[in-house]
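Chain residues, written in single-letter form:
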Amino acid sequence: MTALDLQALLPLVLTTATAIAVMIAVTITRRHGLAAWLCAAGLAAAIASIASARECAPRHISDLLVIDSFARFYSGLILAGSLVVAVLSYGYLKLRTDRHEEYYILLPLAAVGSLVIVCSANLLAFLLGLELLSICLFALIAYRRTGRGDLEAAVKYLILAGASSAFAVFGAALIYADRGSLAFGPPGLALSSPVALAGIAALLVGVGFKLALVPFHFWTPDVYQGAPAPIAGFIATVSKGAVFALALRYLSTENLLADGRIIWLLTAIAAASMLAGNLLALRQDNVKRMLAYSSIAHVGYLLIALLASASLGRPAAAIYLTAYFLASLGAFGVVGALSQPTRDADALADYRGLAWRRPFLAFTLTAMLLSLAGLPLTAGFVGKLSLVFSGVSSALWLLLSALVLGSVISIFYYLRLLAALFATPPASEPAISSPNTPWPTTAALLFLTVALLAIGLWPAPLLDLIQKMAVAAW
Amino acid sequence: MDNLDTIVFYFLAALALVGAMGILVSRNIVRTAMWLLATLVAAAGLYFLLGAAFVGAIQLIVYAGGTLVLIIFGVMLTAKNPNVSYTPRTAEIVLGVVLCVLLAGALIFVLHGTAWPNNVKSVEEVKRMSQAQRDLVGPNNPDATESTGRRFLGDYLVPFEVLSLVLLAVLIGAAYLGRPKVPVIGAPRGVNPPPGQEGPRK
Amino acid sequence: MTDVLGIVMFVVGGVLFVLVSLTVGRLFRPRRPGQLKGEIYECGEPTVGKGQVQFDLRFYVVAMLFVIFDVEIALLYPWAQVFRQFPKAAFWDLAFFVGLLLVGYAFAWRYGYLDWTRPRAGGQADDDAQTPEQER
Chain R
1 MTALDLQALL PLVLTTATAI AVMIAVTITR RHGLAAWLCA AGLAAAIASI ASARECAPRH
61 ISDLLVIDSF ARFYSGLILA GSLVVAVLSY GYLKLRTDRH EEYYILLPLA AVGSLVIVCS
121 ANLLAFLLGL ELLSICLFAL IAYRRTGRGD LEAAVKYLIL AGASSAFAVF GAALIYADRG
181 SLAFGPPGLA LSSPVALAGI AALLVGVGFK LALVPFHFWT PDVYQGAPAP IAGFIATVSK
241 GAVFALALRY LSTENLLADG RIIWLLTAIA AASMLAGNLL ALRQDNVKRM LAYSSIAHVG
301 YLLIALLASA SLGRPAAAIY LTAYFLASLG AFGVVGALSQ PTRDADALAD YRGLAWRRPF
361 LAFTLTAMLL SLAGLPLTAG FVGKLSLVFS GVSSALWLLL SALVLGSVIS IFYYLRLLAA
421 LFATPPASEP AISSPNTPWP TTAALLFLTV ALLAIGLWPA PLLDLIQKMA VAAW
Chain Z
1 MDNLDTIVFY FLAALALVGA MGILVSRNIV RTAMWLLATL VAAAGLYFLL GAAFVGAIQL
61 IVYAGGTLVL IIFGVMLTAK NPNVSYTPRT AEIVLGVVLC VLLAGALIFV LHGTAWPNNV
121 KSVEEVKRMS QAQRDLVGPN NPDATESTGR RFLGDYLVPF EVLSLVLLAV LIGAAYLGRP
181 KVPVIGAPRG VNPPPGQEGP RK
Chain X
1 MTDVLGIVMF VVGGVLFVLV SLTVGRLFRP RRPGQLKGEI YECGEPTVGK GQVQFDLRFY
61 VVAMLFVIFD VEIALLYPWA QVFRQFPKAA FWDLAFFVGL LLVGYAFAWR YGYLDWTRPR
121 AGGQADDDAQ TPEQER
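Residue numbers (our numbering), protein chains in the order written: chain R, 1 to 474; chain Z, 1 to 202; chain X, 1 to 136.
Certain hints may be false.
What the hints assert, rightly or not - Calculated lysine to any residue pairs in the SDA-like style (CA-CA distance at most 25 angstroms, straight line):
{"id": "1", "chain 1": "R", "residue 1": "Lys94", "chain 2": "R", "residue 2": "Glu152"}
{"id": "2", "chain 1": "R", "residue 1": "Lys156", "chain 2": "Z", "residue 2": "Ile72"}
{"id": "3", "chain 1": "R", "residue 1": "Lys94", "chain 2": "R", "residue 2": "Arg30"}
{"id": "4", "chain 1": "R", "residue 1": "Lys156", "chain 2": "R", "residue 2": "Phe167"}
{"id": "5", "chain 1": "R", "residue 1": "Lys156", "chain 2": "Z", "residue 2": "Val98"}
{"id": "6", "chain 1": "R", "residue 1": "Lys156", "chain 2": "Z", "residue 2": "Thr67"}
{"id": "7", "chain 1": "X", "residue 1": "Lys88", "chain 2": "R", "residue 2": "Val13"}
No lab work stands behind these hints: they were computed from the structure.
Fair warning: this is a prediction, and the values are worked out from it, not measured in the lab.
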C-alpha cells in the first residue's frame, strides 16, 4: 500500500469516508438536512477526485483491483448517479418515514460496493462488492417499512439476490478449482477447460440477476414497484451500470467471445431481454412496473455493445449507459416528486393532464421518455445510434433486428404515458394533489434534463471524453 | 493412513448429503434448521480434513454457531405457530426436481470429465518449503491461518477493510429494519400504521 | 495423517462417552415413572401458558449484533497470529476495522436500537421516550 495506491483509490476512500462522516455526524446531532448534504458533498468530492486523478496510469492494487481510465469513467458515472439519487431522496424522504439518517449511510456504502465492482480485476473483489451492494439495497428497498409492497419487494430481492450470489460464488469456486487463482485470467484460458466454462455459466447467473436479463428478470417489476422511487432509480442505473462495466471487462480480459457457444448464449439472452421487456411493458398500467420492464429491454440493447468489436462496442456502451443513467434517474425522479406521502405516483391515472398542472415535471418526464425511446435531439438517440453502429460493424444482424423491433414496440408504451401527460385534465379535481417539489429535486431534475438535451444536441465533448477514457486498453 | 482420510471423507460427505436431503424433505422449519446443522458441521469437517483449519473454525463459529441460531431465532420471533409447515404444489416439486437433476447432471459430467492435477503436497513436503511457497499452498499448510493473517495485512488489505464496511451495512440495515414500528408525532397521514397493527407485542 | 486420526478419536470418544454413561446409568438406576415426574420443571414455579410464544422483536437486533461481532472476532484470529510480525501495520489495520464497527455501535446505541424499554400499560411501547427523536 503506497501513497500512489492510495491516490488511485481516492474515489473509493472518499466515498467510504462519506458514509463514516455521515454516521459520526448524525450520531452527534440528528438532522435530516445535515445527513443529506454531507452525503451529497462527500460524493461530489469523490467525483472531483476522479477528475483530478485523470493523468494516472493504470494502477493495480495487488491483483485484486485495477484503477485504469475505464474504471475511472464508470466510477464517475456511478458516483454521479449516486449523487443525483441522494439529492432526489432528500425531497422524497422528507415527506416519508420518521428516520432519514440511516439512508444516507447506506447509500454511499452501496456506492462503495458498486465502485469495488467496477474496479475489480479479481472475482474475489467482484463478489465482495456485489455483497456490499446487495446488503445495502435490501435495507434501502424496504426503507419506508410502511406498505406490504416494500417488504415484499425487499424479501423477494433478498432471497433472489442470495440465490444468485450463491451461483456466482460457486462459479468463482469452479474457476478457482480450475486454475488456482481468482484473478481475471490470461485470455483464452477459460475456454479450454469445461470446469472453468461451467464456472462462467454459474457466474452468468449472478451477473444476469443483477442486470435483470431475461431468464433472471422476474424480480424486477415487483422490486421497482415496492422500492422508494429514488432507490428504484438507483437499482436501474448504478447497480446495473456497475455490473455491466464488470461484465465488459471480464469478457474482454478473458477473451470469452472467442467461443461461439458464449456468443450464442449472450445473443439469445439479449434478444429475449429486448423482446420480452418491451412486450411485457406494453401491458402495464403501473408506471414503475413499465419502467422496470423497459429497463430489462435497455440492458438487452446494451448487450449489443458487449458482443460488438471492442473498438466500437466499448464507446457505444459508455454512451448508451450515460444516456440511460440520465433518462432513468430523471424518470424515477419525476415519479418520486409526484408521489404522495402514502404511496408512489405509479398509476397511469396520476399522470393525466400533468402538463397543465405541473408543466416543469411534465416537460422533464417528456424529455426522459423521448430519450428512453431513443428519439432525436436527446441523449438516448446518440446512444442508440452508436449501439447500431457498433452492431453493424460486427454484423450482429439478429440483434439489430431485435433492437429495431423492440424500439418500435417501446414507442407505443412511452407514447401512451406521454399522451396521458398532455391529455386534457379531467373536469373534476385531479385524482391526487401532489406535494410541492422541493428545490433540490427541481435542481437535480433540471440538471438531468439539461444534460440530456445537451448531449443530444452536441455530443462531441462526451464522445471525446469517452474516447479518452472508456476505450483505453487494459 | 490414507484409508482413514478416505473413510472420514465419505462419512462427512454422506452426512452433508443426508442433511441436505433432510432440509428438502422436512416440512417443519425447525427440523429443517436441525438438518442444516448437520450439513454445516459436515462442511466444517471437510474443511478440517483439507487442512483449512481457519475456514473450518469460521464455518463452525459463524454458520453452525451464529447463522443457525439466527434461523431458530427468526422462527421464535415471527411465526405465531413455530411449527408452521407449507406444502409445495406438485408442479413446483416436479419443476424443482427436473432443474436440480439437470444441474447436478451437468456438474457431475463436468467435474468427472476433468483430469485434476495431482499436486497435493504432504505435510513433510510443505514443511521443507520456503515461506513464500507455503503461502501458495492451501491444503496441508501447517500455518495456513498465519498466511491468511499476513495477507490481511498485505495484498488483501483493501478487501479486509471492505469487509468491515459489509459488516457495518449489515449492522445499520438490520437495526433499522428490525426496530419496532413507532407512531410518528406530526407525520402525514398514512405514515403511521393503523392502531393495533404496530407490530408484535409480548 | 495423524491429525485426522486424532480428530476422529476425539469425536468417537465424545460420542462414546455420552452413550456409555447413559447406558450405564440406565442399567443401575431404578425406573419409576410417574405423573409428577413428567411435569415441566420451571425452577419450582408453576408454568403458565404455552412454551411456544412469539418473542419480542427486539431480541432480533441483539441476535443480529451477536452474529456481526461473531464474524468480527473470527476475522481477528488470523490477524492476531501475525500481529508481532508487523506491529505498526497491524495496529492501523485493526484500528480501522474495529473503529468502524465501534462507530456503528455508537450509532445504534444513540438511535435507541439497543434500548430495552418496557411496554407501557395498555400495550403501547414507549420506544422513543429516551431516544433523540424529539430533537428536531
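Task: Earlier hints that do not hold, by number - done: Hints that this structure does not satisfy do not exist here, as all of them hold.
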